[in-house]
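> The lines below spell out each chain.
Number of protein chains: 2
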Amino acid sequence: MAENREPERREFSPTIKTLAAHTGYSIATISKALRGSPVVARPTRDAIVAAARELGYQANARGMALRTGKTYRAAVLMPITSAVGYEWDGVEYTQILSGISQALEDSDYQLSVHGFRSFGDAFDIARRIVDQSAADGLIFSGVLADDPRIDMLFESGFPFVSLGRCRKPLVYAHVDVDNEWAAFTATARLIAGGHERIALINADRRLSYALDRIDGFSRAFHEAGLAASIDLVADGDLSTRFGRDSALRLLGLPNPPTALVCINESTTLGVLSALGSLERRVGVDVDVIAYDDINVSAYFTPPITTFYQPIELLGRKLGEFLLRRMAGEDPAELALVSRPELIGRQPDNLGGRNRS
Amino acid sequence: MAENREPERREFSPTIKTLAAHTGYSIATISKALRGSPVVARPTRDAIVAAARELGYQANARGMALRTGKTYRAAVLMPITSAVGYEWDGVEYTQILSGISQALEDSDYQLSVHGFRSFGDAFDIARRIVDQSAADGLIFSGVLADDPRIDMLFESGFPFVSLGRCRKPLVYAHVDVDNEWAAFTATARLIAGGHERIALINADRRLSYALDRIDGFSRAFHEAGLAASIDLVADGDLSTRFGRDSALRLLGLPNPPTALVCINESTTLGVLSALGSLERRVGVDVDVIAYDDINVSAYFTPPITTFYQPIELLGRKLGEFLLRRMAGEDPAELALVSRPELIGRQPDNLGGRNRS
DNA sequence: AACAGGAATAAAAACGTTTTTATCCGACCA
DNA sequence: TGGTCGGATAAAAACGTTTTTATTCCTGTT
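From first to last, the protein sequence lines are chains A and B. With the numbering used here, the residue at position 21 of the first sequence is 24, and numbering never jumps. With the numbering used here, the residue at position 106 of the second sequence is 109, and numbering never jumps.
Hint data in this document are derived by calculation from the structure and do not stem from the laboratory. One should not assume that every hint holds.
As the list claims (entries may be wrong) - To give a feel for the contact side, a few chain B residues facing chain A, derived at Cβ under 7 Å:
#: 1; residue: Gly66
#: 2; residue: Val94
#: 3; residue: Tyr96
#: 4; residue: Ser101
#: 5; residue: Ser104
#: 6; residue: Gln113
#: 7; residue: Ser115
#: 8; residue: Gly118
#: 9; residue: Ser121
#: 10; residue: Gly239
#: 11; residue: Thr243
#: 12; residue: Leu272
#: 13; residue: Gly279
#: 14; residue: Leu281
Said to hold, decoys possible - Distance condition first, Cα-Cα at most 25 Å in a straight line; then the derived DMTMM-like pairs of lysine to aspartate or glutamate:
#: 15; chain 1: A; residue 1: Lys73; chain 2: A; residue 2: Glu108
#: 16; chain 1: A; residue 1: Lys20; chain 2: B; residue 2: Asp134
#: 17; chain 1: A; residue 1: Lys73; chain 2: B; residue 2: Glu108
#: 18; chain 1: B; residue 1: Lys73; chain 2: B; residue 2: Asp134
#: 19; chain 1: A; residue 1: Lys73; chain 2: B; residue 2: Asp111
#: 20; chain 1: A; residue 1: Lys73; chain 2: A; residue 2: Asp333
#: 21; chain 1: A; residue 1: Lys73; chain 2: B; residue 2: Asp134
#: 22; chain 1: B; residue 1: Lys171; chain 2: B; residue 2: Glu332
#: 23; chain 1: B; residue 1: Lys171; chain 2: B; residue 2: Glu108
#: 24; chain 1: B; residue 1: Lys35; chain 2: A; residue 2: Asp134
#: 25; chain 1: A; residue 1: Lys20; chain 2: A; residue 2: Asp49
#: 26; chain 1: A; residue 1: Lys35; chain 2: A; residue 2: Asp49
#: 27; chain 1: A; residue 1: Lys171; chain 2: A; residue 2: Glu323
#: 28; chain 1: A; residue 1: Lys73; chain 2: A; residue 2: Glu323
#: 29; chain 1: A; residue 1: Lys171; chain 2: A; residue 2: Asp181
#: 30; chain 1: B; residue 1: Lys73; chain 2: B; residue 2: Asp333
#: 31; chain 1: B; residue 1: Lys20; chain 2: A; residue 2: Asp238
#: 32; chain 1: B; residue 1: Lys171; chain 2: B; residue 2: Asp149
#: 33; chain 1: B; residue 1: Lys73; chain 2: A; residue 2: Asp111
#: 34; chain 1: A; residue 1: Lys35; chain 2: B; residue 2: Asp134
#: 35; chain 1: A; residue 1: Lys171; chain 2: A; residue 2: Glu199
#: 36; chain 1: B; residue 1: Lys171; chain 2: B; residue 2: Glu183
#: 37; chain 1: A; residue 1: Lys73; chain 2: A; residue 2: Glu332
#: 38; chain 1: A; residue 1: Lys171; chain 2: A; residue 2: Asp238
#: 39; chain 1: B; residue 1: Lys73; chain 2: A; residue 2: Glu108
#: 40; chain 1: B; residue 1: Lys73; chain 2: B; residue 2: Glu336
Please read these numbers as outputs of a predicted model, since none were measured by experiment. Heads up, the beta-carbon is just placed ideally off N, CA and C, and yes, glycines get one too.
Full structure from sequences and hints, please.
Here it is, written out as structure tokens:
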């Protein structure tokens with residue numbers, strides 16, 4: 004049908020054999036020289052390196068992979084949201100991938116992304132990666148309170164870093180946000196502002212961080228000597244629609260919240276949309292504190308108070324930790340729990356009117 | 004320091020040799036049988052396939068890769084936005100990757116992601132992928148009017164699919180949005196609503212689709228017999244900040260726009276934020292039509308009229324086209340230009356006040 | 001003067017496939 | 001009966017590395 008241009012594609016790229024012929028050394032010596040083995044004499048190495056540069060030699064990754072068993076790949080599990088209309092879900096993954104990619108930039112590792120649709124799916128993919136050694140290391144998020152991936156990877160000794168911690172006392176490399184602290188701080192701030200009925204728009208309770216946030220939320224009430232408004236905790240997916248529906252439902256209750264804590268940007272937008280259609284205004288009729296993955300709450304009208312999570316930086320840490328883990332470093336050294344930064348854009352004390 | 008669990012990791016996975024020993028056939032026969040070659044007798048093949056299943060044999064990807072020169076990877080170039088504070092940029096990439104990942108799901112190909120920071124960077128990475136055959140195919144977006152990646156890939160015959168078209172008359176696989184049409188339609192709608200001074204918040208003019216949008220924008224004016232308000236075209240990165248700054252600047256002009264067309268979600272949020280701080284209301288003081296990557300404009304207050312781009316579906320098409328291209332299909336057959344769907348959420352005629 | 005030791009390099013083996021070439025064997029034909 | 005053909009399988013080579021083992025040659029020691 005069409006002119007196929009395939010044939011002339013490879014102009015013949017030099018192999019280690021080419022170098023051997025060119026320099027007169029054996030391929031064994033070439034290999035050792037190029038990877039800096041001390042057994043080869045200094046001048047020899049220099050000559051070989053010079054020749055390699057001259058010919059534009061690049062080690063063939065497939066040959067190396069076969070011989071060494073390494074793949075030079077770092078795998079990342081990425082959630083896929085196939086539901087139409089929930090398209091904002093997971094937008095923060097761009098940031099995470101971007102961070103990881105930066106960390107890997109000047110290593111020999113390449114990033115490979117594996118989409119999954121469900122918790123079970125994610126486990127199967129992780130196992131396949133380990134079984135076939137399709138990668139040298141693995142990064143994933145969305146950690147469950149009891150996460151089978153962590154058990155499996157831990158047992159097999161496969162290098163991995165998780166974004167989030169499970170609730171078992173295992174030692175493994177991880178990066179996390181201090182969700183208990185953040186939820187506590189947000190809730191305490193609202194309580195200090197006079198609120199007593201506070202809603203928490205939360206994630207699926209199988210997720211470890213969802214539990215952490217409930218813990219912090221409850222602690223704030225207890226430390227203030229109040230009963231926690233546990234009945235105002237909504238959990239579901241992190242879609243905008245969920246945020247909207249939850250806010251509508253909660254605000255329609257007989258004893259509704261006077262403030263809301265939102266778990267991420269997506270739900271926040273949904274909550275604000277609900278407030279808009281109920282004609283209630285943030286900072287006037289109701290207070291809202293949110294988590295902010297992608298630094299966008301500053302542009303809402305009005306701007307709202309958020310915990311800013313430097314998600315790209317966390318991504319960079321994930322990549323860095325994985326590199327170090329793959330290099331054999333002790334996982335106990337590879338842990339980071341970051342406290343998000345509170346950016347107060349509203350007084351959040353509407354509850355003061357309640358303070359009779 | 005710590006208990007290293009590495010040693011017992013590989014429990015020995017079966018190779019083609021194991022199968023040979025187990026079945027009594029030679030490795031050559033095994034290989035042919037498993038890949039369905041017709042030269043091996045039917046009963047033999049059945050026996051071999053059964054044995055393979057029984058032993059849980061999985062072909063070693065590294066061995067295959069070395070022998071065949073294929074990598075079974077599809078590479079994607081992903082923009083990395085290192086500027087702090089611009090973190091919304093590129094959120095739609097999650098959707099694109101998600102779509103591609105779905106398309107590749109039941110193929111043998113894995114997705115590998117390569118971050119780049121600049122146009123030049125992207126070209127270098129593309130070239131490296133081709134030179135070292137680090138992948139069997141390539142997907143990228145952000146096509147320039149004159150894009151060196153396309154020239155290079157086209158010449159080398161390397162399979163690729165681009166999201167967007169360059170302005171050269173080359174035949175290559177691509178997926179695109181009909182930006183000329185969309186900009187025309189949005190502008191024409193506003194003109195029909197009585198607007199004459201319309202701003203276009205646009206992307207960098209080196210980008211092919213930025214030019215397409217200017218073309219459509221201008222055509223709408225010309226077909227209405229009006230002079231296009233070219234002085235109200237702003238171009239820059241697609242950040243929220245850019246949207247905000249541009250809107251503030253344009254609305255402060257002596258002869259300001261009465262309506263704005265926004266190029267994506269991120270800039271739209273910036274524009275709305277600017278309107279908020281100027282205390283102008285959408286649909287009352289000014290009309291806004293936007294492009295909507297991630298289906299979120301419905302949640303703005305008020306909801307605004309948008310062109311919805313099914314970005315995940317486009318991602319799926321990208322993946323599908325790449326698979327077909329890698330299978331040798333004629334690139335002329337692999338082209339999709341999608342017209343985004345206009346979702347009218349506002350009359351966009353400022354209540355008819357403009358129609359004098 | 002002979003030999004041990006060591007430095008430098010070469011040769012060979014191995015990783016797990018696919019593909020090309022060779023071998024075997026029974027059937028068909030003259 | 002001898003030869004050819006072709007179907008089925010086996011053997012061997014090759015892909016490009018790294019690593020283990022072997023060889024060479026020089027130096028220093030006895």
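> Evaluate each hint against the coordinates.
Against the structure, the hints:
1. Gly66: holds, 6 Å
2. Val94: holds, 4 Å
3. Tyr96: holds, 5 Å
4. Ser101: This interface hint holds because 5 Å falls under the 7 Å limit.
5. Ser104: This interface hint holds because 3 Å falls under the 7 Å limit.
6. Gln113: At 5 Å from the nearest chain A Cβ, Gln113 (chain B) passes the 7 Å test, so the hint holds.
7. Ser115: OK, holds: Ser115 (chain B) within 7 Å of chain A, min 5 Å.
8. Gly118: holds, 3 Å
9. Ser121: It is violated, given that the least Cβ distance between Ser121 (chain B) and chain A is near 13 Å, above 7 Å.
10. Gly239: violated, 16 Å
11. Thr243: Holds, about 5 Å.
12. Leu272: holds, 5 Å
13. Gly279: With a minimum Cβ separation of about 3 Å from chain A (threshold 7 Å), the hint on Gly279 (chain B) holds.
14. Leu281: violated, 11 Å
15. A:Lys73 to A:Glu108: holds, 18 Å
16. A:Lys20 to B:Asp134: Roughly 18 Å between the alpha carbons, so the hint for Lys20 (chain A) and Asp134 (chain B) holds.
17. A:Lys73 to B:Glu108: It holds: about 23 Å lies between the C-alpha atoms, which stays within 25 Å.
18. B:Lys73 to B:Asp134: Answer holds: Lys73 (chain B) to Asp134 (chain B) is near 13 Å, not above 25 Å.
19. A:Lys73 to B:Asp111: This hinted pair holds, its Cα atoms lying about 19 Å apart.
20. A:Lys73 to A:Asp333: Holds, at roughly 20 Å.
21. A:Lys73 to B:Asp134: holds, 21 Å
22. B:Lys171 to B:Glu332: holds, 21 Å
23. B:Lys171 to B:Glu108: Violated: Lys171 (chain B) and Glu108 (chain B) sit about 33 Å apart, past 25 Å.
24. B:Lys35 to A:Asp134: holds, 24 Å
25. A:Lys20 to A:Asp49: Holds - the C-alpha atoms of Asp49 (chain A) and Lys20 (chain A) are around 18 Å apart, at most 25 Å.
26. A:Lys35 to A:Asp49: holds, 12 Å
27. A:Lys171 to A:Glu323: This hinted pair holds, its Cα atoms lying about 24 Å apart.
28. A:Lys73 to A:Glu323: holds, 18 Å
29. A:Lys171 to A:Asp181: It holds: about 17 Å lies between the C-alpha atoms, which stays within 25 Å.
30. B:Lys73 to B:Asp333: holds, 20 Å
31. B:Lys20 to A:Asp238: Distance of about 52 Å is beyond 25 Å: violated.
32. B:Lys171 to B:Asp149: The given pair, whose Cα atoms are some 7 Å apart, holds under the 25 Å limit.
33. B:Lys73 to A:Asp111: holds, 19 Å
34. A:Lys35 to B:Asp134: Cα-Cα ~24 Å, so holds.
35. A:Lys171 to A:Glu199: Roughly 33 Å separates the two Cα atoms, so the pair is violated.
36. B:Lys171 to B:Glu183: Holds - the C-alpha atoms of Glu183 (chain B) and Lys171 (chain B) are around 16 Å apart, at most 25 Å.
37. A:Lys73 to A:Glu332: Cα-Cα ~17 Å, so holds.
38. A:Lys171 to A:Asp238: Holds, at roughly 23 Å.
39. B:Lys73 to A:Glu108: holds, 23 Å
40. B:Lys73 to B:Glu336: holds, 24 Å
Of the hints listed earlier, those the structure fails to meet are numbers 9, 10, 14, 23, 31 and 35, in rising order.
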